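**Q** Protein sequences, first through last, are from chains A and B.
Note that the working numbering numbers the first sequence so that position 243 is 243, with each residue one more than the last.
Numbering-wise, the working numbering comes out as the position in the second sequence, counting from 1, plus 1000.
Possibly wrong hints are sitting among the right ones.
[To be verified] Among chain B residues calculated to face chain A with C-beta under 8 Å, some are:
{"no.": "1", "residue": "ALA1369"}
{"no.": "2", "residue": "HIS1401"}
{"no.": "3", "residue": "SER1404"}
[Unchecked claim] Quick look at which bits of chain B chain A covers, simulated, 3 or more residues with Cβ under 8 Å:
{"no.": "4", "segment": "1386-1392"}
{"no.": "5", "segment": "1489-1503"}
[To be verified] Sample of chain A residues facing chain B (criterion: CB under 10 Å; computed from the structure):
{"no.": "6", "residue": "ARG48"}
{"no.": "7", "residue": "TRP222"}
{"no.": "8", "residue": "TYR231"}
{"no.": "9", "residue": "ALA242"}
Keep in mind the hints are simulated off the structure, nothing from the lab.
Owing to the predicted nature of the structure, the values given are computational and were not obtained by experimental measurement.
Don't be surprised by glycine CBs; every beta carbon is placed ideally from N, CA and C.
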Amino acid sequence: MAATEATVPPRDPWYQRLMEPLLPPLTALLIAAVVGDLLILSFGQSPREVFRLLVEGTWANAYGFGQVLYKATTLACTGLAVALGIRAGMFNIGAEGQLALGGFAAAMVGLGLPAGTPAALAVLLCLLAAGAGGSLAAAVPGALKARFGASEVIVTIMMNFIVAALLNWLVATKVSVAESLHTPEIHAGAVPRLAEVIPAFHGSAANFTILVAIALAIAVWWYLFRTRAGYELRAVGLQPDAAEYGGIDVGRTWWRTLLLSGALAGLGGVNYVLGYKQYYEEGFAAGAGYLGIAVALVGRNHPGGVLVASLLFATLSQGALAVNALVPKQMVDVLTAVVIIAVATAVPEVQRMLRAVRGRLA
Amino acid sequence: MSVAIRASGIRKVFGDCVANRNASLEVATGEIHAVVGENGAGKSTLMRMIAGMYAPDAGTLEVNGRDVTGWSTREAIAAGVGMVHQHFMLVPTLTVAENLVLGQEPRAGLQFDRAGAEAAVRALCERTGLKVDPARRVADLTVGELQRVEILKVLFRGAKILILDEPTAVLSPPEVTELWKVLRALVAQGGTVVLITHKLDEVIEVSQRITVMRAGETVGQTDTAGATPASIARMMVGREVRLAGDDHAEPPTANPQTADGRRQTEAKTADGRRQMAGTASEARPIANAGTGSAALSVRALTVASSRRPNEVDNLSFEVRPGEIFGIAGVEGNGQTELIEAIAGLRPAVSGSVQLGGTDITGWTVRQRADAGLSHIPEDRHRRGLVLEYSIADDLILGLQHRFSRGLALVRDRIGRNADERITQFDVRPASATTPARALSGGNQQKVVIARELRGREFSVLLAVQPTRGVDVGAIEFIHDQLRAARNAGKAILLVSADLVEVLALSDRVGVMYGGRLVVTLPRAEASASVLGPWMTGAMTGGSHGGH
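Extracted from the complex, chain A is given alone in its bound form (with noise of 0.2 Å):
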């Protein structure tokens, strides 16, 4: 994989090469559109109204469109954690609660700095502090596989209801403000919002945070496809009997990816904790995390993917919002997981028709 995007071959024209990875995801959603229009009929509104409502409570104006990067920024750090796991040949569920733990790090390392520490270098330790935290509730699920073959699925489900519960009682008895269930506020340094560069996004929680999410999807995609690790990486992913036999050692290199998939994630704490609130707060993940999965899914596992599709679900998510006054928002959530199904389904079906189609032409 990593070759032929570094060598194309010279037959294929760019668009026969673009058709591969984006008529399957384009079906998909075409499928999706499909079946909303379906759905918005049987609330008896109209779908041209409902989908330009989408439209104009987020891509349209500048603070739905804040609000859109402001929630894709989570989104991406999310799937790129999954994205990462599932190179590797694991799924990562435990997303969740390692952007959990990592945005709680973030919020413990900015409160216990001392006062007169710089911004940015309090910024910098909150980030390392953010990724930290990811990588540990990582670290247990990544230990268990790599040490005793247990399954990462069940692990890192198991460890969002841990993380969940243990800061739950870590904010409830130790560090809450009274009558609420956040930390104090940080003063130590804060990601500034976007609206201070561009005014038009005023309001919106769009923050700098967003650089964070591209950069960490250009270093994944260095990673996986550049480097060394990343070969060995995807070897153990796609099969790990030829890298054991290419003298990886798959323990290692699944302990190490889990704990780089829970970094990535953790990360994503910095957008709400230092980006929007200057606090932590129970419970501010809010699906995040499990949507993480589906931003994998249909960004095909690829970085660049990620990104578009962290901002398709971000668009989703903010959407609901706008088309509540015609129909529930809980339509878009069945939207959601309409893409998520016409992906997982359509997808492979489509490959193997373009397969079929360049046979016959061939």
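Using the hints, position chain B against chain A.
**A** Frame of chain A; chain B shown alone:
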């Protein structure tokens, strides 16, 4: 002559791959008909269409004069056409009888009529001469017995036309002889047999007529009487081919020591402990070995598998530089575990492995490889290649640390390496970016061999089933490569289920049975008839037993 099967103008395309183009076949009722061709010639695809597994894209199929083009497996079975597949499809936890009646279980009231099922199966065994105890669990059967159960399963469903896909790949020579007897009996009882194989001596031995396929097409049909392996091979490949078996005539002259080679069989000491030929305790120097001290030595090695704690049982041998030591044996007698233990893929329970005098027993795969151990693995699809990787990427598997600077891979060096290997080993298509999955078996194996022979400095090569699933032309090439490596002073441990291959390449031959090396012979004294009894366990160095 009545025609059992007639296929004409058959075309079948899978995605990019044309499996059959203008394939045809005519099988007479009551004959054993062999279908031969290189790997990927489209034999299995054609047979599967006859058995109803796929429908052809074009062409017609007739069975007993009836047009059955595009029928289903259910219809095929109802019409008495059954296929025995290359890979066993049995439920290991069920008994033989339970496997056979699966899907049409006899009942006594609400309950499964076990006695009835076993009686029915026993009657079929009697009639066909395929001897298996219907009450035994499939998991406990040997490979030969499994094969018999597969054939019984098809016959139990009333098959009159039997299609066998590479049935002898996993059998020892006596088991093969037994299978021929059964097939001849079936034909005598009015059945028809279609046999897919790439072993030409088998074709000559058992069939009446032969259909040859090449590149998805039927290129000829001939009566077996009058055909020779060489003439069939020429039809298969379309040019003259040097066959592995031809080397039988010429003794392995590469090693002058051969002449004084004497038979070394396993000796039993008074207390019943086995003493292996070729161990250090053997006072006599190993005849017919290469020169110098052992490049690879395995001492009292015991290796466990999930099935038993001594899958490899206290095994010892040495391989010297400039020697090919071939281990023959029916698959599943510990060869896989032995090789995995030597390569570092499976821990040893006890004993040691030494590479050039250094004990490497506890070393990792990479440490061993870097110390000069190359390995052509048994299963290139599972271990030897990452199928989704490009040829270029697969050519550095196990060498990736030598193609990186800091964290990053050095992509231009990977590309240059690929171009060089592809040219040296004539890999086709000659495109470094093609995924390994898209290559034919022979070209995939060339990628593996190119990497293992040229990718690193090595002193010992483990070559396991090096030509399995590889076409005749590539077999020749691979054998030449192995001989060249031997002549360049490498020590080669060859493990193959193909006795012809072991005999063609080896300077010394051993047989593994039940996790032990039951016999070791210089090449000059080894032959299929000498080794056969050892391979089945009929001879185990004194303790006659087996099954």
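**Q** Against each hint, give a clear statement of whether it holds in the structure.
**A** Against the structure, the hints come out as follows:
Interface restraint check: B/ALA1369 against chain A, minimum CB-CB distance 6 Å, threshold 8 Å, status holds. A cut of 8 Å between beta carbons decides the hint on B/HIS1401: the least distance to chain A is about 7 Å, and the hint holds. Taken as an interface hint, B/SER1404 checks out: its beta carbon lies about 4 Å from the nearest beta carbon of chain A, inside 8 Å. A stretch counts as covered by a chain when three or more of its residues have a beta carbon under 8 Å from one of that chain; for the segment 1386-1392 of chain B and chain A the count is 6, and the coverage holds.
Residues of the segment 1489-1503 of chain B with a Cβ under 8 Å from some Cβ of chain A number 0, which does not satisfy the need for three, so the listed coverage is violated. Taken as an interface hint, A/ARG48 does not check out: its beta carbon lies about 40 Å from the nearest beta carbon of chain B, beyond 10 Å. Proximity of A/TRP222 to chain B holds as hinted, the smallest CB-CB distance being about 8 Å (cut-off 10 Å). Look at A/TYR231: its Cβ gets to within about 5 Å of chain B, closer than 10 Å, so that hint holds up.
For A/ALA242, the shortest C-beta to C-beta distance to chain B is roughly 5 Å, which falls under 10 Å, so the interface hint holds.
Of the numbered hints stated above, those contradicted by the structure are hints 5 and 6, listed in ascending order.
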